[in-house]
Amino acid sequence: MRKPAKKTEKRFTPQKTQTTPFHPRTNQFNLMQNWDDWAGYLAANVYESFEKEYFAIRNQSTLLDISPMCKYRIKGPDARKVLDRVVIRNVKKIRTGRVGYTLWCDEEGMTIDDGTIFRFGKQDFMLLCAEHMYSWLQDAAWGYDVEVIDESHNICGLALQGPTSYSVIKEAGFKGVETMKPFDLREVEPGLWLSRTGYTGDLGYEFLTENKNALKLWDRLWKAGRQNWGLIPIGLEALELVRLETGFIAPGVDFQAAHAVSRVGRGRTPFELGFGKLVDFNKGHFNGRRALLEHQKNGKRYNLVKLDIEDKYPADSSYVYVGKEKHIGFVTSAAWSPTTKRNIALAELEAPYGDTIRDGIWVEVYVDKEGKWYRINAKATVVDGSFFSNPRTRQTPPGPF
Amino acid sequence: MGKHDKYDAIVAGAGHNGLTTACYLAKAGLKTLVIEKNDMIGGAAISRELYEGWTYSNCSYVCSLLRQEVIRDLELPRFGLQVVPYQGSVSFHEDGGYFSSYDDHHAFRREVARFSEKDVDAYDRYSQLVMRQCRFIRPFLLRTAPDPTTLRPRDIGELIFLAKRIHDLGQKEVGEMVRFWTMSVGDFLDEHFETPIIKAAMAGSGIIGTGLGVYSPGTAYVLLHHYMGDVDGSIGAWGFARGAMGAITKALGAAFKEAGGEITMGSGVNEFLIKNGKVSGVALDNGDEYHAPIIASNMDVKRTVLKHIGREKLPADYVRSVERFKIRGSSGKLNIALDSLPKFPALPNDNLMFSGDMSCSSSLQNLEMAYDDWKDGRFSKKPFFDMLIPSRIDPTLAPPGKHMMSVFTQYCPYDLNVDGVRSPDNWNEATKKAFADSVYDRLEIVCPDIRDRVLHAEVRTPLDIENEVGLTEGNIFQGELTFDQLLFNRPVPGYAQYNTPIDGLFIVGSSTHPGGGVMAAPGANAAREILRRIGKGKSMPDFNPKIAA
Numbered sequence: 001m002r003k004p005a006k007k008t009e010k011r012f013t014p015q016k017t018q019t020t021p022f023h024p025r026t027n028q029f030n031l032m033q034n035w036d037d038w039a040g041y042l043a044a045n046v047y048e049s050f051e052k053e054y055f056a057i058r059n060q061s062t063l064l065d066i067s068p069m070c071k072y073r074i075k076g077p078d079a080r081k082v083l084d085r086v087v088i089r090n091v092k093k094i095r096t097g098r099v100g101y102t103l104w105c106d107e108e109g110m111t112i113d114d115g116t117i118f119r120f121g122k123q124d125f126m127l128l129c130a131e132h133m134y135s136w137l138q139d140a141a142w143g144y145d146v147e148v149i150d151e152s153h154n155i156c157g158l159a160l161q162g163p164t165s166y167s168v169i170k171e172a173g174f175k176g177v178e179t180m181k182p183f184d185l186r187e188v189e190p191g192l193w194l195s196r197t198g199y200t201g202d203l204g205y206e207f208l209t210e211n212k213n214a215l216k217l218w219d220r221l222w223k224a225g226r227q228n229w230g231l232i233p234i235g236l237e238a239l240e241l242v243r244l245e246t247g248f249i250a251p252g253v254d255f256q257a258a259h260a261v262s263r264v265g266r267g268r269t270p271f272e273l274g275f276g277k278l279v280d281f282n283k284g285h286f287n288g289r290r291a292l293l294e295h296q297k298n299g300k301r302y303n304l305v306k307l308d309i310e311d312k313y314p315a316d317s318s319y320v321y322v323g324k325e326k327h328i329g330f331v332t333s334a335a336w337s338p339t340t341k342r343n344i345a346l347a348e349l350e351a352p353y354g355d356t357i358r359d360g361i362w363v364e365v366y367v368d369k370e371g372k373w374y375r376i377n378a379k380a381t382v383v384d385g386s387f388f389s390n391p392r393t394r395q396t397p398p399g400p401f
Numbered sequence: 402m403g404k405h406d407k408y409d410a411i412v413a414g415a416g417h418n419g420l421t422t423a424c425y426l427a428k429a430g431l432k433t434l435v436i437e438k439n440d441m442i443g444g445a446a447i448s449r450e451l452y453e454g455w456t457y458s459n460c461s462y463v464c465s466l467l468r469q470e471v472i473r474d475l476e477l478p479r480f481g482l483q484v485v486p487y488q489g490s491v492s493f494h495e496d497g498g499y500f501s502s503y504d505d506h507h508a509f510r511r512e513v514a515r516f517s518e519k520d521v522d523a524y525d526r527y528s529q530l531v532m533r534q535c536r537f538i539r540p541f542l543l544r545t546a547p548d549p550t551t552l553r554p555r556d557i558g559e560l561i562f563l564a565k566r567i568h569d570l571g572q573k574e575v576g577e578m579v580r581f582w583t584m585s586v587g588d589f590l591d592e593h594f595e596t597p598i599i600k601a602a603m604a605g606s607g608i609i610g611t612g613l614g615v616y617s618p619g620t621a622y623v624l625l626h627h628y629m630g631d632v633d634g635s636i637g638a639w640g641f642a643r644g645a646m647g648a649i650t651k652a653l654g655a656a657f658k659e660a661g662g663e664i665t666m667g668s669g670v671n672e673f674l675i676k677n678g679k680v681s682g683v684a685l686d687n688g689d690e691y692h693a694p695i696i697a698s699n700m701d702v703k704r705t706v707l708k709h710i711g712r713e714k715l716p717a718d719y720v721r722s723v724e725r726f727k728i729r730g731s732s733g734k735l736n737i738a739l740d741s742l743p744k745f746p747a748l749p750n751d752n753l754m755f756s757g758d759m760s761c762s763s764s765l766q767n768l769e770m771a772y773d774d775w776k777d778g779r780f781s782k783k784p785f786f787d788m789l790i791p792s793r794i795d796p797t798l799a800p801p802g803k804h805m806m807s808v809f810t811q812y813c814p815y816d817l818n819v820d821g822v823r824s825p826d827n828w829n830e831a832t833k834k835a836f837a838d839s840v841y842d843r844l845e846i847v848c849p850d851i852r853d854r855v856l857h858a859e860v861r862t863p864l865d866i867e868n869e870v871g872l873t874e875g876n877i878f879q880g881e882l883t884f885d886q887l888l889f890n891r892p893v894p895g896y897a898q899y900n901t902p903i904d905g906l907f908i909v910g911s912s913t914h915p916g917g918g919v920m921a922a923p924g925a926n927a928a929r930e931i932l933r934r935i936g937k938g939k940s941m942p943d944f945n946p947k948i949a950a
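The listed protein sequences correspond, in order, to chains Z and X.
My numbering puts the first residue of the first sequence at 1, with every later residue one more than the last.
My numbering puts the first residue of the second sequence at 402, with every later residue one more than the last.
Hints should not be assumed to be uniformly reliable.
[What the hints assert, rightly or not] Where chain X lies over chain Z, by a calculated footprint (3+ residues, C-beta under 8 Å):
id : region
1  : 54-67
2  : 218-229
3  : 337-345
Because the hints were derived from the structure by calculation, they are not lab data.
A virtual CB, placed ideally from N, CA and C, is assigned to each residue, including glycine.
Assemble the whole structure, with the sequences as input and the hints as a guide.
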């Protein structure tokens with residue numbers, strides 16, 4: 001709950017897009033003044049140049065203000081049980097000081113959102129996600145000895161990502177970070193949580209702290225990273241490309257959050273999104289379990305797959321075909337990947353295409369060449385695993401670059 | 402008596418083109434051997450630690466022309482290649498001002514407007530013209546040049562392709578095309594712009610690697626050659642290979658080995674073994690002999706023909722054509738390890754421009770004077786330099802807080818004139834130091850403390866490049882990029898399809914179409930020609946775009 005404005009404060013204007021605690025810095029560096037709205041907050045699309053920002057993620061290190069993420073604290077003796085009721089994976093297996101990626105479903109087994117569970121302590125968790133989830137969590141917590149707190153507006157987040165990000169952290173004076181493995185979580189300093197996580201597929205870390213510490217954290221990292229490790233701030237456009245290179249899915253883009261759509265039948269199961277392995281039917285009841293068992297028995301209706309497409313033109317909004325001209329699906333995200341030098345896409349195909357049938361798939365790509373449109377039929381190969389993969393992402397202790 | 406082994410194909414020289422050819426031959430199933438005279442592969446695309454903790458791109462230093470099609474097809478990113486573009490460039494004026502370039506169109510217009518309102522729109526018109534010519538030429542990069550004198554169906558097909566593209570251009574643009582291929586970059590820029598420093602900033606690309614001045618006919622094409630490249634479709638963009646230029650040849654080498662290829666290093670080809678007009682193998686300096694019916698030489702055409710084949714084995718006409726092939730060295734380089742970033746009093750702190758090209762030439766007249774020195778066999782008193790600090794972007798090149806500086810300079814002669822005598826033998830420690838000082842003097846205009854920042858510097862004259870890499874006269878393009886030696890005239894008329902008068906012997910380096918730069922197009926085109934001749938042409942990918950650019 002947002003506190004009512006005190007009389008001495010400026011009147012709260014609901015129409016006005018909010019700013020995050022990092023705004024004094026993000027605003028200063030945003031030469032393009034190119035902003036987007038992220039969950040009601042001003043978020044930079046591009047600071048200076050999209051290319052510069054994208055390549056800094058794959059070559060140097062970058063800061064991304066992730067404060068607009070929804071952050072729900074789940075605390076108390078039954079906290080683990082409540083989360084296990086909500087999400088598909090086994091929360092017991094996320095030990096204290098670890099972070100786990102998961103999805104959660106409605107009672108029909110349709111994915112509501114994906115996100116990460118941060119386990120601060122035995123009875124202390126935080127769920128980070130894109131969609132607002134407060135009442136859904138409240139419902140699940142009913143009757144349990146647990147407290148669900150929406151900390152979205154009190155806690156800020158800063159992602160430090162890129163091959164030199166470990167060097168920046170070290171130079172900034174944070175201790176003991178060299179032993180942190182991917183998905184490790186630590187309170188590196190009182191009130192400052194650091195996790196080795198991210199949305200870029202590269203070496204990287206995320207900080208969580210109270211809003212009042214925001215600028216001090218930014219300045220400390222900036223001082224450590226700017227001159228020696230190529231640190232720059234990045235906007236959402238660059239992030240969008242690296243997440244696709246890694247094969248991460250985005251709600252509202254690659255799948256529709258079951259709570260956010262009005263049309264029936266838009267929901268997808270975790271199996272259909274490629275996360276069947278996360279579903280743990282042996283952990284006891286959880287939302288959507290019965291429906292998911294049924295789906296497991298009946299098989300998938302769709303496959304969200306990664307495609308490597310010939311030629312260089314991004315297959316935005318393309319239809320996908322097989323054989324002569326059988327329409328089997330469409331592209332949900334597409335881009336030319338500068339690092340892997342491949343033309344990549346995520347696409348939703350009707351099962352069993354993309355799963356057991358992979359030959360003869362092609363994409364109809366539309367290309368605008370200065371006002372003249374061309375159509376190409378480009379062959380597509382289904383790719384397993386990430387498009388972008390580099391050992392530096394997983395190496396512990398991480399390398400300097 | 403050394404080793405004797407048999408292969409299906411041998412590539413002489415492990416430069417980026419030789420390795421590209423080798424990759425495609427190996428992938429087509431040929432048992433392929435690459436022979437490299439040095440102890441490391443790479444030719445002029447190498448990374449070397451010449452000072453502890455610093456990595457030098459000590460020959461070629463930036464990457465744009467490297468064909469994206471080849472990178473993708475050979476999966477070079479999987480073998481560690483990462484190309485990172487840089488942005489911005491700045492041209493300093495002797496009086497302390499500067500003119501900078503930005504990728505962002507509006508930022509660039511605002512910058513030009515500081516000098517001249519008229520030049521703002523002039524730039525857009527100039528840019529359209531250059532882009533049109535680039536679009537015309539780019540599709541020819543990954544095609545073999547047609548031989549206009551034969552009636553072979555493929556040559557006729559290629560000629561029709563060329564004729565159709567010319568026809569599609571229309572009358573006005575064909576006129577521009579001919580002008581572009583024959584004019585000087587100076588005349589061309591004078592037609593468009595009025596501000597001297599803007600003209601000077603744009604002219605640099607017209608003289609890099611070329612023994613011509615800004616007002617010499619033919620330099621407009623050289624400018625075009627530097628604009629033809631792209632990084633991820635952004636035409637004209639330039640980038641660094643992460644880990645220095647050797648990352649390109651390392652990745653090619655790894656791809657080649659994965660395809661089953663073998664590399665031998667440390668001894669180069671002494672002689673191509675030829676019997677009855679047919680090549681049968683190579684004899685190395687160390688006495689080893691390797692045999693194969695196909696030999697691809699990555700060495701420049703002059704070195705291949707005049708140093709490693711007896712002229713009695715070749716038609717006299719061909720030898721004469723090779724002898725007159727222009728391959729004059731005109732470029733030098735300083736590679737400097739810096740103990741910290743020098744001060745640039747003219748620039749705002751931490752500016753984007755620190756990551757791009759920097760030069761210091763305030764007018765075309767200054768550039769022309771730099772050329773006048775070279776004509777007389779002297780290095781320029783006030784050289785043009787293209788300076789970069791790649792460590793501002795690539796964190797792998799120097800320790801934190803330290804930097805690597807690459808200073809490419811024009812002009813520096815191969816046969817230095819001392820007291821009226823022109824000879825490469827005139828290069829010695831004293832003359833090299835004098836050359837380096839001429840460059841430092843120019844650098845001091847933009848960063849006055851440069852000399853105090855130097856921890857180690859490597860000074861490269863054309864002679865050094867010839868001795869180390871093997872490029873005749875130290876010419877970075879394996880032959881000048883003037884219209885008389887392009888397309889079906891490159892390297893020599895009648896032998897422009899990577900072939901030679903010797904059966905089975907091919908030339909695959911930058912001496913061939915489409916020429917120099919770390920492009921890998923000659924290597925890929927040559928592989929296609931070789932494979933076609935043995936009935937394996939189908940194993941090469943089709944690089945032709947589905948949409949004509």
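For each hint, the structure was consulted:
1. Counting residues of the region 54-67 of chain Z whose CB falls under 8 Å from any CB of chain X gives 4; the rule of at least 3 is met.
2. Look at the region 218-229 of chain Z against chain X: 4 of its residues bring a Cβ nearer than 8 Å to a Cβ of that chain, three or more, so the hint holds.
3. Residue count for the region 337-345 of chain Z with a Cβ under 8 Å from a Cβ of chain X: 5. That meets the three needed, and the coverage hint holds.
Consistency note: the structure conflicts with none of the earlier hints.
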